[in-house]
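Participant: Using the sequences and the hints given, assemble the complete structure.
So the sequence shown is numbered by the working numbering: it starts at -7 and just counts up by one.
Read the hints as simulated data drawn from the structure, not as lab findings. The C-beta atom is built at its ideal place from N, Cα and C for all residues, glycine as well. Only true hints are included.
Taking lysine to any residue pairs in the SDA-like style, the calculated list, with each CA pair at most 20 Å apart, reads: (1) 247 <-> 277; (2) 21 <-> 44; (3) 566 <-> 534; (4) 538 <-> 562; (5) 314 <-> 375; (6) 297 <-> 244; (7) 566 <-> 467; (8) 156 <-> 179; (9) 297 <-> 346; (10) 165 <-> 202; (11) 165 <-> 150; (12) 560 <-> 534; (13) 228 <-> 255; (14) 349 <-> 408.
Just the calculated beta-carbon pair ranges, DEER-fashion: (15) 598 <-> 94: 16 to 24 Å; (16) 82 <-> 11: 24 to 32 Å; (17) 598 <-> 424: 32 to 40 Å; (18) 54 <-> 582: 19 to 27 Å; (19) 370 <-> 557: 37 to 45 Å; (20) 21 <-> 598: 26 to 34 Å; (21) 598 <-> 537: 30 to 38 Å; (22) 319 <-> 43: 47 to 55 Å; (23) 27 <-> 270: 43 to 51 Å; (24) 582 <-> 220: 37 to 45 Å; (25) 205 <-> 83: 34 to 42 Å; (26) 97 <-> 186: 32 to 40 Å; (27) 94 <-> 370: 46 to 54 Å.
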Amino acid sequence: MATTSGNSTIIVTAEGTERAHFTLLVDGKKIGEGTTGSTAKDFVFKTDVAQDQAHTVQVRYDNDGYVNGKDRNLIVNEISINGKSVLPTDDIVTYDKGALDGRDVVAGQKQMWWNGTLAVEAGKSYFAGDKVAAPAEPTPVEPTPSEPTPGVPKPSGPGFYVAKNGNDSWSGKLAAPNADGTDGPFASLQKAQSAMRADPTIDTTYVRGGDYYPNNPIWLDGQDSGVTFTGYGNEKAVIHGSAQASVSFGLGGAKDVTIEGLTFTGGVANGHYVFADNAAGLTFANNSVTGGGYGITVQNSANSKVIGNQFDRTGAEAVFVKAGSNATLVSDNLIRHPNAADRGDAGIWVNGSSDVKITHNQIENSPEKAIAVGSVQTDGSDATYRATIAFNKVIDANLDSNDGGGIYLINRQQDLTGHSVVNNDVSGTTATNPSGSVASWGIYLDDWTSGATVKGNVVHDNIGGVFLHGGWNNTVTENVIAGNSGAQIGLQQDVAWSGWKGKAMSGNDISGNVVDVSEGMAVHIYGPAGVGNIHDNFYSNLDASKDLFDVWPQVMAGGGKGDLAEWKAAGYDKGSVTLNPGFVNPGADDFSLSANSPVHGMGFDHIPYGDIGLLG
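Facilitator: If you want it as structure tokens, here you go:
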């Protein structure tokens, strides 16, 4: 809905898939709204604002979703304020993802993959009293350019261009062929790579829309450090794999490379769309990856970033962080059906790399683990320390396995890891044969995982809740563990992979958790009594007629598995109570705690449910 009167004119040039909707605000006040089509339109708004003063102009995207099998997105090409152009990537523009609350604020960008607000901090020069533009027609108007127009204004900085109608004999410095057909963009990524090597003033290649079928991969070495390959506006540049190229982008020795806004598809099942070795500072952002083998593999590549991508049915792991890639960030990625060709290990797998952060991802329908972190060698050669796994949403993991977890840690190096598993939501972790003998847990600390903190997670509707296997000095506290069909909490001394050996389980503290036993059982211990100190928990839905607590090989006083009283008499759960925790809607599997839950007054921290999952 455009507005037709006022002393200032604001034009939002935008487009979007599946009728993306936005609202225009000035200084927080709604001016009008618009619904986009598949081609760019000018949405014209007029409003009265104080002249010769700075104002904040906001474009708020509010109906993000997956509609008719397509991902709905809003693309803002330009914002014109009284005739002055502002690009969404200009320094005065920011993107507040999700709620307009000043959190999750990043630099402005043209493609709005998530609900959120583009905010333009427009100085008073944009609202000079003698500069008021008046469009001839106050309704959306299709642009009528004399040459093909990109989805966003042409880049302001120097760059080379690659296009389907390009020619490798041209300069590559024009986004489109000139009128007489003597110059224009390149035709191949390889030619752009060579040109960036030859020209030290240009380190960016813009890839225009279309399907590209390179016969050979792009191999980047030390000569290519600092370069960027990026999509051109909202144009969809699709890089197809081939049987002759098991890698689309290979990085060996190239530092600080950026690959952004591209689509990868058609790769071979045993290949890698991106394989980076000795490529510190790699940024892989806002790309779409479908099929093939591994989505992106980084090894010996510290301080890399894999952010804002979408991975669908990758043949192997979507994201594989291998040895030597310390301090890598894997954040805000949507991963669906990973390991589709090779059941593999996990949607996101981190091995031999420390201080890695895995945050705000959503992983759906994994045949085995969704997120896996740790070491598999007993000699410490792939030791992994201080991983942070936070604010992720895991849905339906372990679909094709009887042994695995939604979030899975492993520690065959057998020392203290310092891992943190905080504020994640894990549900639907199952097994190939759920009624058989399985080891399937929402959060699974396997094979001597020790020194980890598991706090503030919501672990519900899995086979098992939280499991500690052979490790020591772990802390499991203030989690909501509810509605799991097996045991809500499990501990086991014996590690079947190589039998019991090494340090005995001790120092594990399990306290302050909300444990709902509307399904399954409460606690199962397989091992000596000292494997865990279980105390001060909050239990709900304990059926007094059922044995819900089990410790083997001990036999409790009553001779059975035990109710809570018998369990306490055996020395467990001192200080624990039964209560109604005040779930919001457990019948709909919503186990978030209401604001007035009694546990909040008993030391249980509020879980930031709204921050879990993808940003925005």
